[in-house]
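Undergrad: With chain A's structure known, arrange chain B on it following the hints.
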Amino acid sequence: MIRRMLALALLAPCLAQAQAAFDRAKPPTLPASPALVLPTVTSSRLVNGIALRVVPQHEVPLVQVTMTVAGGSRLDGSQPGLASFTARMLTESAGGKDANALQSELAFLGATLSAGTTWDAFVVSLNVPRRSLGAALDLMADVVQRPAFATADVRRQRALRAAAILQRRDQPNALATLAHNSILFPAGHPYHASPDGDSASTARLDSAGLRAFYARAFVPSRAKFFVIGDIEPAEATTLIGARFGRWSAAAQPIAMPVITVMPRVNAANTVFLIDKPGAAQSVISIGAPGVSRFSPDYAALVVMNTLLGESFSSRLNSNLRETKGYTYGISSFFDWSPLPGAFRIGTGVRTDVTDSSLIEIFREVKSLQESLVDPTELARGKAYVALAVPGEFETNGDIARQLVELDAFGLPLTSVSEFIARVNAVTAGDVQRVARKYLPANRATIVVVGDLAQIRAGITALKLGPITELDAASVGR
Amino acid sequence: MKPRFLLVLLALATLPALAHAQQAARLRVPYTIDTLPNGLTLIVHEDHSVPIVTTNVWFHVGSGDEKPGRTGFAHLFEHLMFMGSEHAPYPQFDRLLEAAGASNNGSTTEDRTNYYEFGPSSSLRLMLWLEADRLGWLLPTMDKPKVDLQRDVVKNERREGIENQPYGMVRDVQPGLMYPAGHPYSWPVIGSMADLSAASVEDVKDFFRRYYAPNNATLVVAGDVKADEVRALVREYFGEIARGPAIERPLPASFTVRDTAVTLEDRVQLARLYLNWHSVKRTAADAPALQVAAYVLAGSRTGRLTQSLVYDGEIATTVQAYSDAKRLDGDFGVVATARPGLALDTLQTVIDQQLQRLAADGPTVRELEQARNAIEASFLRSIQTVSGKADQLNEYYYERGDPDGFQDDLDRLRAVSAADIQRVVRTYLQAPRVTISVVPQGKPALAATMKKVTP
Numbered sequence: 001m002i003r004r005m006l007a008l009a010l011l012a013p014c015l016a017q018a019q020a021a022f023d024r025a026k027p028p029t030l031p032a033s034p035a036l037v038l039p040t041v042t043s044s045r046l047v048n049g050i051a052l053r054v055v056p057q058h059e060v061p062l063v064q065v066t067m068t069v070a071g072g073s074r075l076d077g078s079q080p081g082l083a084s085f086t087a088r089m090l091t092e093s094a095g096g097k098d099a100n101a102l103q104s105e106l107a108f109l110g111a112t113l114s115a116g117t118t119w120d121a122f123v124v125s126l127n128v129p130r131r132s133l134g135a136a137l138d139l140m141a142d143v144v145q146r147p148a149f150a151t152a153d154v155r156r157q158r159a160l161r162a163a164a165i166l167q168r169r170d171q172p173n174a175l176a177t178l179a180h181n182s183i184l185f186p187a188g189h190p191y192h193a194s195p196d197g198d199s200a201s202t203a204r205l206d207s208a209g210l211r212a213f214y215a216r217a218f219v220p221s222r223a224k225f226f227v228i229g230d231i232e233p234a235e236a237t238t239l240i241g242a243r244f245g246r247w248s249a250a251a252q253p254i255a256m257p258v259i260t261v262m263p264r265v266n267a268a269n270t271v272f273l274i275d276k277p278g279a280a281q282s283v284i285s286i287g288a289p290g291v292s293r294f295s296p297d298y299a300a301l302v303v304m305n306t307l308l309g310e311s312f313s314s315r316l317n318s319n320l321r322e323t324k325g326y327t328y329g330i331s332s333f334f335d336w337s338p339l340p341g342a343f344r345i346g347t348g349v350r351t352d353v354t355d356s357s358l359i360e361i362f363r364e365v366k367s368l369q370e371s372l373v374d375p376t377e378l379a380r381g382k383a384y385v386a387l388a389v390p391g392e393f394e395t396n397g398d399i400a401r402q403l404v405e406l407d408a409f410g411l412p413l414t415s416v417s418e419f420i421a422r423v424n425a426v427t428a429g430d431v432q433r434v435a436r437k438y439l440p441a442n443r444a445t446i447v448v449v450g451d452l453a454q455i456r457a458g459i460t461a462l463k464l465g466p467i468t469e470l471d472a473a474s475v476g477r
Numbered sequence: 478m479k480p481r482f483l484l485v486l487l488a489l490a491t492l493p494a495l496a497h498a499q500q501a502a503r504l505r506v507p508y509t510i511d512t513l514p515n516g517l518t519l520i521v522h523e524d525h526s527v528p529i530v531t532t533n534v535w536f537h538v539g540s541g542d543e544k545p546g547r548t549g550f551a552h553l554f555e556h557l558m559f560m561g562s563e564h565a566p567y568p569q570f571d572r573l574l575e576a577a578g579a580s581n582n583g584s585t586t587e588d589r590t591n592y593y594e595f596g597p598s599s600s601l602r603l604m605l606w607l608e609a610d611r612l613g614w615l616l617p618t619m620d621k622p623k624v625d626l627q628r629d630v631v632k633n634e635r636r637e638g639i640e641n642q643p644y645g646m647v648r649d650v651q652p653g654l655m656y657p658a659g660h661p662y663s664w665p666v667i668g669s670m671a672d673l674s675a676a677s678v679e680d681v682k683d684f685f686r687r688y689y690a691p692n693n694a695t696l697v698v699a700g701d702v703k704a705d706e707v708r709a710l711v712r713e714y715f716g717e718i719a720r721g722p723a724i725e726r727p728l729p730a731s732f733t734v735r736d737t738a739v740t741l742e743d744r745v746q747l748a749r750l751y752l753n754w755h756s757v758k759r760t761a762a763d764a765p766a767l768q769v770a771a772y773v774l775a776g777s778r779t780g781r782l783t784q785s786l787v788y789d790g791e792i793a794t795t796v797q798a799y800s801d802a803k804r805l806d807g808d809f810g811v812v813a814t815a816r817p818g819l820a821l822d823t824l825q826t827v828i829d830q831q832l833q834r835l836a837a838d839g840p841t842v843r844e845l846e847q848a849r850n851a852i853e854a855s856f857l858r859s860i861q862t863v864s865g866k867a868d869q870l871n872e873y874y875y876e877r878g879d880p881d882g883f884q885d886d887l888d889r890l891r892a893v894s895a896a897d898i899q900r901v902v903r904t905y906l907q908a909p910r911v912t913i914s915v916v917p918q919g920k921p922a923l924a925a926t927m928k929k930v931t932p
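If you read the protein sequences in the order shown, they are chains A and B. Numbering-wise, our numbering puts 462 at position 462 of the first sequence, and it's gapless, one number per residue. Numbering-wise, our numbering puts 741 at position 264 of the second sequence, and it's gapless, one number per residue.
Quick caveat, the hints were computed from the structure, so don't treat them as lab data. All C-beta atoms, glycine included, are put in the ideal place defined by N, C-alpha and C. Careful, some of the hints might be misleading.
[Stated by the list, open to error] In silico lysine to aspartate or glutamate, EDC-like type, Cα no more than 16 angstroms apart, as pairs:
1. B:Lys-623 with A:Glu-322
2. A:Lys-324 with B:Glu-634
3. B:Lys-623 with B:Glu-679
4. B:Lys-703 with B:Asp-886
5. B:Lys-920 with B:Glu-742
6. A:Lys-26 with B:Glu-563
7. B:Lys-920 with B:Asp-743
8. B:Lys-703 with B:Glu-563
9. A:Lys-324 with B:Asp-625
10. B:Lys-621 with A:Asp-196
11. A:Lys-324 with A:Asp-355
12. A:Lys-463 with A:Asp-355
13. A:Lys-324 with B:Asp-629
14. B:Lys-682 with B:Asp-625
15. A:Lys-224 with A:Asp-355
16. B:Lys-928 with B:Asp-736
17. B:Lys-758 with B:Asp-886
18. B:Lys-544 with B:Asp-683
[Claimed, not checked] A few chain B positions that, by computed beta-carbon distances, are all more than 12 angstroms from chain A:
19. Gly-659
20. Ile-724
21. Tyr-788
22. Val-812
23. Ala-815
24. Asp-897
In isolation and in its complexed conformation, chain A is listed as follows:
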């Protein structure tokens, strides 16, 4: 002890006084957590009405430009994969340039430009050094407003997508997700089919169909821009306005589908098995209808899920990984998609403990429903959610993600502060209440992908509920 103090005195003379009371046996007392300082958002509109949000961040000379167009895969209608394939084709030939010239120019500028979909929106994302912003925006404008859907490009990308769809059969996690969504969201629900479509719908993709869909789905009246980085709002408005301000719809937009099919609510637990002969692990997916982000229970659900299966110390991970050694990891999550999405617990477990794992998962779900969480655990879960928020605004891309996610619900950035306040107000009673109300202890949809010759008997003996066997080739069709 004395030697240490001497060493400290030599190296940092002020420290011995300031920290005389250091006791290694106790965790250090921490200062107050830093206040959340949200970035300032400037909102404006282009002359054609497109909304523009700008957040200046001058730390690094990069600019993130994210454009969303409401709709996305929700507009697929009877052809699953149509929206995501349309988005994929945007960055092929466009604006009179062939795909190679376009991609080469972007890479030369040090830019990345991608277009994709969620179930609810198209998302075009440009990340570019400040000095190349104008040139890169020219290319983004071509991609968004003047995509070619050239026959040769479509034929090639269609073949590549067909191969990727074929490969889903190799991947137990992909099969579990496909099965889960198709069961939980019955046919007719926009989340029923894979956003990437299936083999049959992919085969029907052609240039004419894509052009017609693009004209009615990719429309300026549903578009918004989010610009974050080394740029001021006025300049962003000028640069984006010059390239997107005269963009007008070529056709009547596709009406947003009215949702008539509701997610499946089970009367009892229902089991679906998919055979992967020889699999070293079983992939387990346990799900139920999710909850609306607008639910007054939102903050309580986030805290409850953190304790159940989101954080490393969560009950599921502590039990199945850190106590039993059944898995490398297990997690639970609510998909807060607007309609809303599902609740799911997902993991991969050693084949010979598949049944035991199911028992432990349901034990943890029921435990949260049956007894109150203790104050230490509750405080940990709340802090883990609330104190992590500043770190979710580190890069331009982080800020863009936050803005886009909130915007999907029409929420302003300031709602983040309200969310933190709500999290801090969650009680043990709230956690128990939402666990009882929303977690599927007895009405779960249970999908297991594994070596059925090894696991079927064990699962059957659990008497969870009716069992249906699904064919991998059919699920991954």
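TA: Below, chain B without anything else, positioned relative to chain A:
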């Protein structure tokens, strides 16, 4: 203590530019560095833009340091570092950090093991206290149940990444095909099931005493912190931990790869071809040219292999090329997945033609410039975060004894010429190689045949 306050970063202003780079400021990530009497090296980078902090510890030990019969041990040990220490018994490590709003993780490679925490700036003291406790006081609480448990977890990790992963078996066999028996890179980081089963508590204690000492570690603290305060805290928490024995690492003997072809059958729909060549270590003069060559071959839509295999030839669904230059040695790989039903020789022939063309004619001016710009922009994006900067500072320090390799790396990249590309393709990629074919079960006829390729 030798404080090295440097110019403020943000030569990011030079971003891709690079073609016509004026005399731009040098890319700097400002830091201070000093070494405690016990040998712990501390590097602090202040970045006050967001109220967050990361701590990032590198131990200079990886799977390459493992003993025969104990493959996978360095990574298994990494898991045990989260199982509690004398003053922070299990499961306090994760719980205390979560209660402070912070997250953590670690990773193991052939060369090193890192541990990092990330959270609000208010959690700094906790991060340092926890890291110090497991460096100084891990063994008092180490026991067989902890080793048995994490052994099971790691075996599950192996199942997830190898046994239950399409094409995962390649990761198991590739190191042994590329490097001679006994070479530190000749076995996979994750290790074999048999060796994981054999690991004992005594192994854990020996490994800890040998490698987990302050003189074999570097700690980077980056974020919204004051360097002086961090230095004082680190002395307080780590100062009394004893120095460990000096570590000697004999350099592996040099070797050459012999042409080898292996076929594996897997439960996959599409056949995939893996070509691997012996290359150079990360600090070697040819490493940047190999990185640029990988980009020219398959780094973008216009990559030569991407064009010839995927777009023009329409014989592959994907192709990647990478230069994996590590601390002691390196390899270069091309991985191409065939369209349904196609034989891998069809792909192999085209790949060799393209390598021949690149060796003979070199890249165009435009190709070279695009490659350099894209690699540079990607590097700069990787250091946008405090976590990215912290890990990179640690990597440079281990590699060159100086955390400031940022601009040097960009300079080395910028200096790559068309002639360099021709030379490295001839030297390294028109040389003996390891060919691995993964084919659907019962379809061995799709496998590639061994080809001897000379310039």
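Undergrad: Is the Cβ of B:Ile-724 more than 12 angstroms away from each Cβ in chain A?
TA: With a cut-off of 12 angstroms, B:Ile-724 remains clear of chain A, as the shortest Cβ separation is near 24 angstroms.
Undergrad: Would you mind confirming whether the straight-line C-alpha gap from A:Lys-224 to A:Asp-355 stays at or under 16 angstroms?
TA: Violated, at roughly 48 angstroms.
Undergrad: Checking the smallest CB distance to chain A, is B:Val-812 really beyond 12 angstroms?
TA: Nearest chain A Cβ is 14 angstroms from B:Val-812, so the label holds.
Undergrad: With the threshold set at 16 angstroms, check whether the alpha-carbon distance from B:Lys-920 to B:Glu-742 stays at or below it.
TA: 8 angstroms, holds
Undergrad: Verify this label for me: B:Gly-659 is non-interface relative to chain A, using a Cβ-Cβ cutoff of 12 angstroms.
TA: Holds: least Cβ distance 29 angstroms, greater than 12 angstroms.
Undergrad: Would the pair B:Lys-682 and B:Asp-625 pass a check requiring their Cα atoms to be no farther apart than 16 angstroms?
TA: 14 angstroms, holds
Undergrad: Please confirm whether B:Asp-897 is truly not at the interface, meaning its C-beta sits more than 12 angstroms away from all C-beta atoms of chain A.
TA: At roughly 20 angstroms from the nearest Cβ of chain A, B:Asp-897 sits farther out than 12 angstroms, so the non-interface label holds.
Undergrad: Hint check: B:Lys-623 vs A:Glu-322, CA-CA at most 16 angstroms. Holds or violated?
TA: 9 angstroms, holds
Undergrad: Does B:Glu-563 lie within 16 angstroms of B:Lys-703 when you go C-alpha to C-alpha?
TA: 29 angstroms, violated
Undergrad: Hey, A:Lys-26 versus B:Glu-563, does the alpha-carbon distance stay inside 16 angstroms?
TA: 11 angstroms, holds
Undergrad: Next pair to validate is A:Lys-324 with B:Asp-625; report whether the Cα-Cα distance is within 16 angstroms.
TA: 10 angstroms, holds
Undergrad: Compare the distance between the alpha carbons of B:Lys-621 and A:Asp-196 with 16 angstroms, and conclude whether the hinted pair is satisfied.
TA: 47 angstroms, violated
When held up to the earlier numbered hints, the structure conflicts with 4, 8, 10, 15, 21, 23 and fits the remainder.
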